[in-house]
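Peer 1: So the chains spell out like this:
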Amino acid sequence: MTTPESSLPHSSPRKDAASVDELRQRLRSLGYLDAGVDRFVLGPARETRRPLTIAALASVRTGLLAAALLGPAAAVGLRTRLPGLMTGPRDAAVVALYLALFFGVAATAFAFVASLLATHLPLPVIARRPRLVSRLAGGAVGGACLVYLTLWWRIASVDAAALSPLWTAFVLAIAVAISLLLGHATTITAFAVLAASHGGPGQPAVPRQSAWRLTAAAAVLAFAGAAALLLVAAPAPAGTPAPNLAVVSPGLHVKLIAIDGFDPAVMETLAQSGRVPGLARLFSGGAIRLAADAVRDPAREWTTVATGQPPDVHGVHGLETRRVAGLQGSVTSVHEQGLASALRGATDLLRLTRPSTASGTELRSKTIWEVAADAGLRTAVVNWWATWPATSTGANPPVVISDRATLRLERGGALDGEIAPEAVYDRLRADWPVIKTEAAARMAALLPVAADPETSAALRRAAEIDALQLAMASRLDSPPLDLLALYLPGLDIAQHALLGSGNAVSPSALAARLEGLRNYYVYLDGLLREAIVPAPGEMVIAIAQPGRIATITQGLMAASGEGAAGGVGADGRTIDIAPTVLHALGIPVSRELAGTPILGIFSSAFVARFPVRDVETYGRRAAPAGLREGQPLDREMIERLRSLGYVR
Amino acid sequence: MAAPAFFSEYQSSVEAELRRLVPEGRDPVPRSMAYTALAPSKRVRPVLTLLCAELCGGRAPAALPAAAAIELVHAASLILDDLPSMDDAPMRRGRPTNHKVFGEAIAILAAFALLNQAYGTVARAYEPDMAARLASLLSDSVGIEGLVGGQAADLLATDQQIDFDMLERIHRGKTGALFVAAATSGALAAGGPADAVASLAAYAKNLGLAFQIVDDLLDVEGDPAQTGKAIREDVRKTTFVSFSGVAGARQLARELCETADRALHPFGGRADRLRELSRFVAGRSM
Numbered sequence: 088m089t090t091p092e093s094s095l096p097h098s099s100p101r102k103d104a105a106s107v108d109e110l111r112q113r114l115r116s117l118g119y120l121d122a123g124v125d126r127f128v129l130g131p132a133r134e135t136r137r138p139l140t141i142a143a144l145a146s147v148r149t150g151l152l153a154a155a156l157l158g159p160a161a162a163v164g165l166r167t168r169l170p171g172l173m174t175g176p177r178d179a180a181v182v183a184l185y186l187a188l189f190f191g192v193a194a195t196a197f198a199f200v201a202s203l204l205a206t207h208l209p210l211p212v213i214a215r216r217p218r219l220v221s222r223l224a225g226g227a228v229g230g231a232c233l234v235y236l237t238l239w240w241r242i243a244s245v246d247a248a249a250l251s252p253l254w255t256a257f258v259l260a261i262a263v264a265i266s267l268l269l270g271h272a273t274t275i276t277a278f279a280v281l282a283a284s285h286g287g288p289g290q291p292a293v294p295r296q297s298a299w300r301l302t303a304a305a306a307v308l309a310f311a312g313a314a315a316l317l318l319v320a321a322p323a324p325a326g327t328p329a330p331n332l333a334v335v336s337p338g339l340h341v342k343l344i345a346i347d348g349f350d351p352a353v354m355e356t357l358a359q360s361g362r363v364p365g366l367a368r369l370f371s372g373g374a375i376r377l378a379a380d381a382v383r384d385p386a387r388e389w390t391t392v393a394t395g396q397p398p399d400v401h402g403v404h405g406l407e408t409r410r411v412a413g414l415q416g417s418v419t420s421v422h423e424q425g426l427a428s429a430l431r432g433a434t435d436l437l438r439l440t441r442p443s444t445a446s447g448t449e450l451r452s453k454t455i456w457e458v459a460a461d462a463g464l465r466t467a468v469v470n471w472w473a474t475w476p477a478t479s480t481g482a483n484p485p486v487v488i489s490d491r492a493t494l495r496l497e498r499g500g501a502l503d504g505e506i507a508p509e510a511v512y513d514r515l516r517a518d519w520p521v522i523k524t525e526a527a528a529r530m531a532a533l534l535p536v537a538a539d540p541e542t543s544a545a546l547r548r549a550a551e552i553d554a555l556q557l558a559m560a561s562r563l564d565s566p567p568l569d570l571l572a573l574y575l576p577g578l579d580i581a582q583h584a585l586l587g588s589g590n591a592v593s594p595s596a597l598a599a600r601l602e603g604l605r606n607y608y609v610y611l612d613g614l615l616r617e618a619i620v621p622a623p624g625e626m627v628i629a630i631a632q633p634g635r636i637a638t639i640t641q642g643l644m645a646a647s648g649e650g651a652a653g654g655v656g657a658d659g660r661t662i663d664i665a666p667t668v669l670h671a672l673g674i675p676v677s678r679e680l681a682g683t684p685i686l687g688i689f690s691s692a693f694v695a696r697f698p699v700r701d702v703e704t705y706g707r708r709a710a711p712a713g714l715r716e717g718q719p720l721d722r723e724m725i726e727r728l729r730s731l732g733y734v735r
Numbered sequence: 276m277a278a279p280a281f282f283s284e285y286q287s288s289v290e291a292e293l294r295r296l297v298p299e300g301r302d303p304v305p306r307s308m309a310y311t312a313l314a315p316s317k318r319v320r321p322v323l324t325l326l327c328a329e330l331c332g333g334r335a336p337a338a339l340p341a342a343a344a345i346e347l348v349h350a351a352s353l354i355l356d357d358l359p360s361m362d363d364a365p366m367r368r369g370r371p372t373n374h375k376v377f378g379e380a381i382a383i384l385a386a387f388a389l390l391n392q393a394y395g396t397v398a399r400a401y402e403p404d405m406a407a408r409l410a411s412l413l414s415d416s417v418g419i420e421g422l423v424g425g426q427a428a429d430l431l432a433t434d435q436q437i438d439f440d441m442l443e444r445i446h447r448g449k450t451g452a453l454f455v456a457a458a459t460s461g462a463l464a465a466g467g468p469a470d471a472v473a474s475l476a477a478y479a480k481n482l483g484l485a486f487q488i489v490d491d492l493l494d495v496e497g498d499p500a501q502t503g504k505a506i507r508e509d510v511r512k513t514t515f516v517s518f519s520g521v522a523g524a525r526q527l528a529r530e531l532c533e534t535a536d537r538a539l540h541p542f543g544g545r546a547d548r549l550r551e552l553s554r555f556v557a558g559r560s561m
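Order-wise, the sequence lines are chains A and B.
Be aware that the first sequence starts at 88, since it is given in the numbering used here, and climbs by one per residue.
Be aware that the second sequence starts at 276, since it is given in the numbering used here, and climbs by one per residue.
Hint data in this document are derived by calculation from the structure and do not stem from the laboratory.
Just so it is clear, the structure is predicted and the values come from calculations on it, not from any experiment.
Every residue, glycine too, gets a C-beta built ideally from N, C-alpha and C.
Incorrect hints may have been included.
Claimed, not checked - Short, incomplete list of chain B residues facing chain A, as computed with Cβ under 10 Å:
(1) G424
(2) A427
(3) K480
(4) F515
(5) S519
(6) E530
Make a model of the complete structure from these sequences and hints.
Peer 2: Given below as structure tokens:
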């Protein structure tokens, strides 16, 4: 005779234990042992029997689940796609809240519609097979959720090439779990609605209090998991430590002068008549020809110059951005058309977004002055695009006079990242009246007076800006800098004001404007006369870009001074400028850079003595972190750029 | 484990109501009906109905017809279940099965009569709206998603290897459906709100499966003198014990009873009797 157990399958204790666990899971999947989600979802519908009310109340709970789970998860993806949007944990939390709201509303609507459809479709199967129908409704919601999450991950992980398959599997497992949960929530909602509509058996839900605890615990866990994902999956916000960059110094000090709105043809004409001797000496000897970017956006182009990376890599896609309410970061909003433009208008109207300009929060690649500072060199930058907020940290911080510095110096008050280090602001602020007087004197001496008042005003405005930048730069050179990068927007501003409006003008007026513009070249030549003459041990590299006038298709790069070759004449790319400057400073060139040094601008002796060295990486740029301080100048900056024709 | 002390009070009410509804008489069909319906029993299902009604603020007498109807349906299912064409069981509740005493034809008629008596009872005892809802509940618990469907699946599964889902399907139909109907009808008869009905349905669903698992266990290791039926009757069938072993089945039954208790959380201490009921189900030996 056999014992009761010996005749049964699965009789070994080890196997029993395994099968009990398995059976427990199976029972759960069949609706036994655990009904926490059911209780949570159907809890609010406890006092009612009206199908519509049950559908609405339960769908809201489904939406809450979706909000808690999908909000943080989507923030992970958004951070990867829009690196400038989130500058720290606070921004991440705000974005997660926005997305939670969005997904909560969407899931509520979806669950509501799905459960009502399942109830109201005139199909006999609905009354006959309520469980099947409610499962189909849940399957539709869960399936849609999974498809969305999968596609989202595909898009979000485009830049994250280093993600391992294991990590992706983990993320997708979370997506599956979320989808199953939301699908299940919709299933029981639909079933409850069906039960109320057709008088079926008791609803599959249970009570309130224990449900809250269970669900709250699950929500906290899910939120923590998604938050961990947010921190781990997104690009490191603090930046990776700079590698040890061994400088083999050629002993050069490099002055990088960037002139925007420059037309080589105009300069050539003026050079032939002897009106711009300084610029002619610099550029006419055979400069490197640079193909202009098809997208004429100063922030985009000059950031490419400063980083040696294309916009997709450095992250600054355009001057106009949108700042989302509650966030410090911003997103690019240029070249939007149709629906995107309408959406931008709507969110602006609702005060959810507001116009802003390109800034360092979007910048993902290190600039030449940041790399040089990492390499232990003394650097300074004046008025370059996307340099606000100025950050100046580390053992050898660069001096940053950002593109908002002039505004701050005019208005005074506490710094909000316009200049760094703060001591430089104190010095410049004290000198500001002198700087202004100096700039005015230079303008009076160098800028020919235009007959047309409108032309004259445009030229004077542009001229003052350039003179101020140059005056500030001249105050930074003691002790001598290894690298000074100076951006002069005046020519582009003048050119855009005089020729870029698109309004029809009479031939005589146009002639006057063209003459005014030519006069600006003459002014610039005088203004830069000393700056472009290299001091002993100095190399001056001038970059001239066409600016916003689309008819000019070529920029120029020229070098003079020690180590520079005379009369080159070759083609180069904008992305080659940064590695060229870094090589001139004796810094190895990162293999991550898109461009390569233009050796043609260097003398043969320099090239022979200092071969190009390379390094794996410059490290990841540290995003400007922390809450903003001081008095913001966001609105003033927008107004200023609008008045200069930069933003619409 | 003996039935909770409060059981006898409820059992008496149910017995009295059943006696009123199923008078023995002299004709074979009424006698056959009474033979099974009035046979000694724990009356777990109707007691569950009364307890749920009280928990939802109703009075037990108001729910008594619903409770009796549940027990009548249960009695009918037992008669049909024991038939030669079904399980062909010789003993039930310590006595020969109905068809052994009255013959197969009378037993079938008695089962149908009990079912009709159940529907008639709720139709006569309640207002039309409530009667319709209770009748709908009974219909669901008897129909293809309930006893009939469960029994059919059980018959088809005899001598067959079945999977766990099929086993659950059988038990849900044969036991769980009527447990859920018992709890839900009590709550509905007392005018309980939707969440209370849902809570008690969840309680009953878990309790019903626990009850069936314990039944499987008693078939393996029970005392025939206490259970009232021969052990190892289900040897040709796949049971929970087949899947998880005796210890595993006992563990699952305990967990199901604990889950059932958790479903009572909103009722607080007022649901202690239902908690005692689940403890009794988990530990019962008959």
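Peer 1: Work down the list of hints and note, for each, if the structure agrees.
Peer 2: Hints and how they fare:
1. Given hint, G424(B) at the interface with chain A, is violated; its Cβ is 13 Å from that chain's nearest Cβ, farther than 10 Å.
2. Annotation: A427(B) was flagged as interfacial toward chain A, and the flag is violated, the nearest CB pair being 17 Å apart, outside 10 Å.
3. Checking K480(B) against chain A by beta carbon gives a least distance of about 7 Å; that is within 10 Å, so the hint holds.
4. This hint holds: F515(B) has a C-beta 8 Å from the nearest C-beta of chain A, less than the 10 Å allowed.
5. Here the hint on S519(B) is kept, as its CB sits about 5 Å from the closest CB of chain A, short of 10 Å.
6. The beta carbon of E530(B) comes within 6 Å of a beta carbon in chain A, closer than 10 Å, and the hint placing it at the interface holds.
Checked against the numbered hints listed earlier, the structure breaks hints 1 and 2; every other hint is satisfied.
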